[in-house]
Structure formats: structure tokens, C-alpha cells
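Trainee: Listed below are the residues making up each chain.
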Amino acid sequence: MTSILQTVAVNKQFGGLAAVSGLDIDVQEGEIIGLIGPNGAGKTTSFNLITGVYKPTSGSILFAGREISGMKPHAITHMGVARTFQNIRLFKEMSVLENVLVAQHMRMGTNLLEATLRLPSYLKKERHIHERARALLAEVGLDHHEQARATSLPYGKQRRLEIARALATEPKLLFLDEPAAGMNPQESVELMDFILKIRDQFKLTIVLIEHHMQVVMGVCKRMYVLDYGVTIAHGTPDEIQNNPAVIEAYLGVG
Amino acid sequence: MNTLKKSPMSRDAKLTLSAAIIGLILLFIFDQSFDRFTMQIFKLCAINIILALSLNLINGFTGLFSLGHAGFMAVGAYTCAILTMSPEQKEVNFILQPIVPWLAQVQIPFAPALLLGGMLAGFIGWVLGVITLRLRDDYLAIATLGFSEIIRVVLTNAQTVTNGSLGLKGLPRFTTMWWSWGMAILITVFLVLLIKSSYGRAFKAIRDNEIAAESMGINVLGLKVMSFTISSFLAGIAGGLLAHYLTTIDPKQFIFLKTFDILLIVVLGGVGSLTGSVVAAIVVTIAMEALRFLDGPLNFGFYATTGIPGLRMVFFSALLMIVVIYRQQGLMGKAEFSWDALSRIGLLPRRGAKAAKGGR
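Each protein sequence line maps, in turn, to chains Y and Z.
All residue numbers for the first sequence refer to numbering that gives the first Met the number 0, where the first residue is 0 and numbers rise by one.
All residue numbers for the second sequence refer to numbering that gives the first Met the number 0, where the first residue is 0 and numbers rise by one.
Looking at chain Z on its own, in the form it has when it is part of the complex:
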């Protein structure tokens, strides 16, 4: 928008820079002061941010209803995990059948393994995209959902590569606070730049009116595949981070319900808003832990339960229903965070007011 005309150090740039510095200092403080449990939840927030943003890129910005995210996560998680495990660990893990020889001796550092996990997920996303992105709406949703289950079934049965349903245990805890939040910030910045670029406009054009977009010279299929590939790449990265965060992975973690967990975040935050996804990812992740007491024994005074596992999911289901009925656009709708928006709702002095006082 007007960002092109602004002087190098505008008010917004200063605010952004100060926010970035404060954010960095906060991360330092959190890293030092959080106990182990809090830190785990804090890291999970970052991973969920990546997942929600990447799902929002296809569902929200390109208008493709895809439900295959769990599959791409699984590809990233398994690739990254297998590549980083030491030969000894592999021997200990693969007790039913030994791992295929060409993977037995492979061990590479976390960073390239994470990247390769993302790339493999991205590649599979590209192939799947070329095949299925001719489909629309619910047909695409079904196709991607089916794909995600295929991945899970393959992981369960490829005993000599993935260790089947036994899963992989004892992965090194590589996902530190800096890794998870570093990636989350990097990916957020990348997506903000992407969405605000000419490509972002083209994605939104496809979402708004495919026929018109095509007639305006936009290679609709090509850009859909691009968006889908980027999204699956990012889901793969998140999967890799998740594997080394949990330190244990098995195929059951990546059932299609995982996709719906992420979809919940995207819908609550606002389909088509990056800001909404970031905020909702943090809120939902914390709420999932904070509401854990619902699963335990409850005493309402007139009625006491002995603990119903999964009751907190009922809370989220109810929340989702309320949102879908009364506020379909979610928390943010399609709006994004901006300093100007903060001025508008009165949290910051207006740009004009500040200039009038001569405060520069």
C-alpha cells in the first residue's frame, strides 16, 4: 500500500523496530525464567503458529479447502527424526525388523534434517497439488483428507523405514525455545512479505474469483500449486520441530484429527488473517493446557464427576459452534495487525496528533 512512499524511518518503522527489540528481550527473559512445563507449552505455541499460518495460506488466502495438513506434518516429522537419529538409537528402536541398510548409518545435524523434512513434504505437496488442485471445494477436501490418511497408513506399514506403529522413541530434544520461536518468527515474516507481494494479491484474486483471475492472466493452477507447495513445506518444518519437541513420534499422532486441531485455530483466528492465526494459535495452545482441569474430577456442587477425559475438547467444540454461528469471520476476519489499526481503536496516539505536537 503506502509503504512504498514512506521515508526510511517512519513512525511505523520505529514502532516495529522497538516491538522487535522488546520481543527479543522478552524471549531472552522467558528462556531464562520459565520452568520446564511452562517452556514446553511456550514452545508448542510457536509450532502451532507455524501450522496455523501454513494452513491459512491455502485455506484462507488461496481459497482451497485442504485437509491434508497432518500428512505433511508426518512426512516432515519422520524425515527429520530418521535423519537425526544416531545408528545406535536406530538399532535400539527397530526391534521388530531392522532398518533398511541405506538409512542405518545416516546421521546429519538438525538444521539440514529439518530442511530436508520440509523439502520432502513440499515435494509431496507439489505432486499432490498437480494432481488434485483441479478439484474444487469439498472434492479437494476429501482428496487431501484421503491423502493424509494414506501417508499415515504408509508410515504404519513401512516397518523397515519408519518402525511402523512402534514409532520412533528417544529423539534428541533439539527443539529449543530459540529453534521453535526462531522458525515461527522467520516463517511469519516470510508469509507477511509473501501475502503483501504481488503473489499474495494473485492468491487472493484466485480466492475471490477464479474465472476472473484466470481471465486477468493469472496462471491459476500454477499459483495454486505454488501456494500448496509452500504450505506443505512449512507443515513439514513444523512436523520436524514437533518430532524433536515431543521426542517420540508414532503414526497415530498424525491422524486427520490433528488437521482439525489446526483448522480450529485458523477458523477461530480468522480465515484469511495471519494476525488471527498467530493470536489464536497462542490462545488455543495455552487454553488447551489451562483447561486440563476439565478432564479431571469435577464437582459442580449438585453433581460431581470422577473425570471425563476429553471434556476440554467439548469446550472447544462449543466455542467453535458459537464462532460459526455468531462470528463466522473469527477473531480478525480478514484484517491484519497494523500500527494504524491500533491508533484507530485508541491504543496508540494518532499519527496526525503526534505530528501536530511536533513530537518526532
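Only chain Y is shown next, with the shape it has when bound in the complex:
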């Protein structure tokens, strides 16, 4: 096993507020890692730092051994990092199919001339990404909705569409930001199976933020607990559940 993601002493300051301080996480290839913590603990900020939405104030982030901190988000995605968003960010004026197609633009390797002249080489690529998009939609159970507007889907399906869209970028490392938010217990169980399935099928490494403890404890081998931007614990689900610091962060001290 080799490290696919390593963050070394990553800090992020927003003015006087230390949103994330001393983030040290180490993710091995093929793992499913959980990132938990109370609201405002800096989980999403950590995601934003790793995926390039924010620039770290200090520290370094290594993806597959290469420094990625400070790189543009699209360049990081190009290297094989994809994500979903806590507050769903679909392309709302576009159809379900188009949402997945657009995520393949980067890997299509086309140019303006080829695309506007509709050269055979472009049409071939276009057919290929259509097939792939349909396959991915079938994978997440949205194949009957491909012409629907993305935002017309119910909430749970929008989340699945976000995952399909992220998978379309051909990632090695996938970040899921609260994938079970707004799901009922039945859907959450299905989601767990789904996460395990895509991990094996697409040979992914997955890092997820989740408040739904059943999901986190169910699929994650290891987890990190953040509170006020500081990593207060990390270990296996059992270790975390019995860690006094974690209990204090979640429940407070009586």
C-alpha cells in the first residue's frame, strides 16, 4: 500500500480565524476514510484546501507524491481528484446527461477547430463520452432521467448525479461531502453499499465527510475527527467511539 494523499501541517487562516490548523492526514490507496466533527470544525474547508478551491496559508499537500497545494482546482482534478459538494452544485440549466458530459470535457482532448467543424475525430470522441455518460448514469440509477433538468430531480437523486459527474472526471481519489445528507435510513444503507461498490469498480480511494454516524462507521476503516480546525483524534471506528476527546467535542463535558 502506498500513500495517495498526504497533508503535512496544513493551515488555513481566514483573517484572525484559524479554520484549519496543523492538518496531518495520510490516506492509503483503496481506503475509505471518514472526516467527522461538529459543525464548523473545518471539514469542508479541508476539502476545499485539498481540491484547490482555497490556497493553504502554510503546509504542503501531496497527491501521489506530488505537491498540489496552490494548484488550480481544474489542474488538481486533471491529476485525478474529484469531489461532490455539501450544498449541491449541479449545472442547473443543463440536463442530467449534459451534467455528466461536461465533466468529461477535460479528458476529451479536443480543440476548438475540431469541435466546431465537427470533424470525424470529434464525433467519435463525442460518441464515446455519450456512451460513458449513459453508463455512469445507469450505474447510479439515473438512466431514465437523462433528458430531465438536473435541478428537477429529487434531492437524493441530485446527490447521486453529483457522484456520477465526479466519476466522469476519471478520478483516483474521490471526496464526498456529506453524501447522506437529507437521506432516510433506507437510502443511507443503500448509499453505503453504493460507496463500497464504486470503490471496487472504479478502483477509488474515498474520503468522506458525514454526520450520519451509521454510514461513517459502516464504510470507513479509519477516520479523523476535527474540532475547531484541530485534529483531535484519529483511528478505527471503535477507537473513535470510545475516545474521550471525541465524546467531549460532540457532547460537551457534563
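Heads up, some of the hints might be wrong.
[As the list claims (entries may be wrong)] Far from chain Z by the CB rule (all over 10 Å, computed), these chain Y residues:
| # | residue |
| --- | --- |
| 1 | 195 |
| 2 | 249 |
| 3 | 251 |
[To be verified] Covered by chain Y, per the in silico footprint, the following chain Z stretches (three or more residues, Cβ under 8 Å):
| # | region |
| --- | --- |
| 4 | 189-195 |
| 5 | 198-211 |
In case anyone wonders, no lab produced these hints; they're calculated from the structure.
Every value quoted in this text rests on a predicted model; they were computed, and no experiment measured them.
For each residue, glycine too, the CB sits at the ideal point set by N, CA and C.
Using the hints, position chain Z against chain Y.
Mentor: This is chain Z only, laid out in the frame that chain Y set:
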């Protein structure tokens, strides 16, 4: 969409081909039968189509609120005009100060001059894009608006290149019906193909959600600059056509109000609809002429005016207000023309019905 799967000669392809042939024949007839005045308005329609489409590419499809169009038009218009004028004409025009020597003897045909005008506008658009496209929304609008005014001020003061506020007069009337409509059709086809390609999807993704687009591997800044460059190139082409349509240009024509004229067309037609821009460009251009009587003396029976210049613009302002209040999406919203849409509203028989009758 499904166009990839269709057989080579589907119903839509046949309809498109027949529409193209009918359109071409109509252009021939118009070219022969229109009087000079009608022809001028007809040509202006085509130029306004190009302007509206190019502004819609950035404002409507890429979601960048840019107000610098008049500046790019001016660059195209002046480049094209200076390059096509004969040395004698230049001597006659530049009476205050002679033209710089390296331009005095230059005279090239219209086609390459038009292209160069577009390219220079595109290049300036590219430079401006790299600098300003990090800005968003109203900040970008202000920056591009300021740029457009800078261009105008430079044109006014670069006496030895542009003849300053005297402008350039007596340009050859190169913009024939075929030039203006030919370019308009060519550019429309180009933009339809662009918008329906993977690039078009990427532009729309940037418009819909920039952060998500970036996270899906789309080089947001790069594609914004690309869209902006294409748009300014096309505005430059339109400017060149306009110069040789009016045969007289001066910097005052390219004040920022010109940009708002085009923006009016884009908003009325639908921000994010090529079809809307084409239709609105034609309607607005014709209406601007048809409503000219409003500027003259009016007699309402109970009240008579002796002519208020600019009253027809009040009509358009009112129209714009009504649209913004009651139909923000404009004429077409984000929808595009398609033969299927015509079937849906009952103007064409449905595809299924035709097949059922065996009519192939």
C-alpha cells in the same frame, strides 16, 4: 443530443436543407427588388445579428457581464477602414495632421482588411480578458465599460492614425447585401456549432456554477478568455462591416451607448438564446426605422408636439422595462429554434404522425 444517432437524411435535415435553399432564393429576390432605403435597413439587420450574437456568447452563454462591445467594434471598424482606404483618400481625409507614413501607402482588399480588423479586436479582447476576467459580475462590467471608453478616447486623440474626432469619410461601400448577410449566416452557423459542442457545454457550465465547473476539470479562466476573444473578434468583424456600410466613421459612434443598443437586443431576445438574438436583432432594427415617425411632429388630437428627437428610444426603454418586469427571460429564454419545437406548437406535423401516414 440525438443528432448523433440520426440517419444522414432525417426529416430535420431535409427541412433544414429546404429552409436554406428558400432562404438563399429570398436573399436573391431581396437583393434584386429592394430599393436603396429598404436595402440599407436589411443590411443593418445582418450587422446587428452579428453584434447581438457575439455579445450573447459572453453575456448569455458564458455568464460574464461585459459591456465593452462598442470598443471592440471601434477597433474592427477603424482597422478595416484605414486598411482599405486608398492613399489619395487618406490625403483628403487627414487635413489637420497627415497620416503616419507607414500607413499612408497601405491599401488592401476588403476581405483581408475585415479579417485583420477582427483579429486585432480579438487580440485586444484576449489581452483584456487575461487581465480582467478574474473579476466577476458588476466589477467586470465596470472594467469592460471603462475599457470601451479608453478605446474611444485613444481613437479621438491618435490624430495621425485615426484622424481624431474628424473621423474617416468617403469609405468605399463594400458592405453589400451578400457581405453582410453572408457573414451573419456564417457566424450564426459557427456559433450554433460552437454552442452545441463540448465547448458550448463547458461555457454553460461556467455560467451555471463556476466552482463546480472548476472542480470538474474545466479551465475556467482559459475558457472565459476563449469566449471573450471569440466575442471580440466577431464584434470587430461587425465593426468592419458597419464602417463600410455607413461609409463614415468617427469616435462618437462608439460611445458606450452603442453597447447598450446591442444589450437591448440581447435582453429582448433572451440572454442565452442564439435564436432570440437573431429574431430580436431583426425586429429591433426594423422597429427603430418603423418608429421613426415618433421623433417627428405628432398630433394626439388633444395635444400636438413639434417633434421630439429621441422619442422612439423612449418606446424601447418602456419595452425593456416591461420585459424586465414581466418576462425576464426575454422572447426565447434559453430555448433555441428546432423543428421539433415547431411541431410541438402545432406549426408542423409531428414526426410520429408523418411516419404513421407512411409519408417519407
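Trainee: Return the numbers of the hints above that this structure violates; sort them in rising order.
Mentor: none
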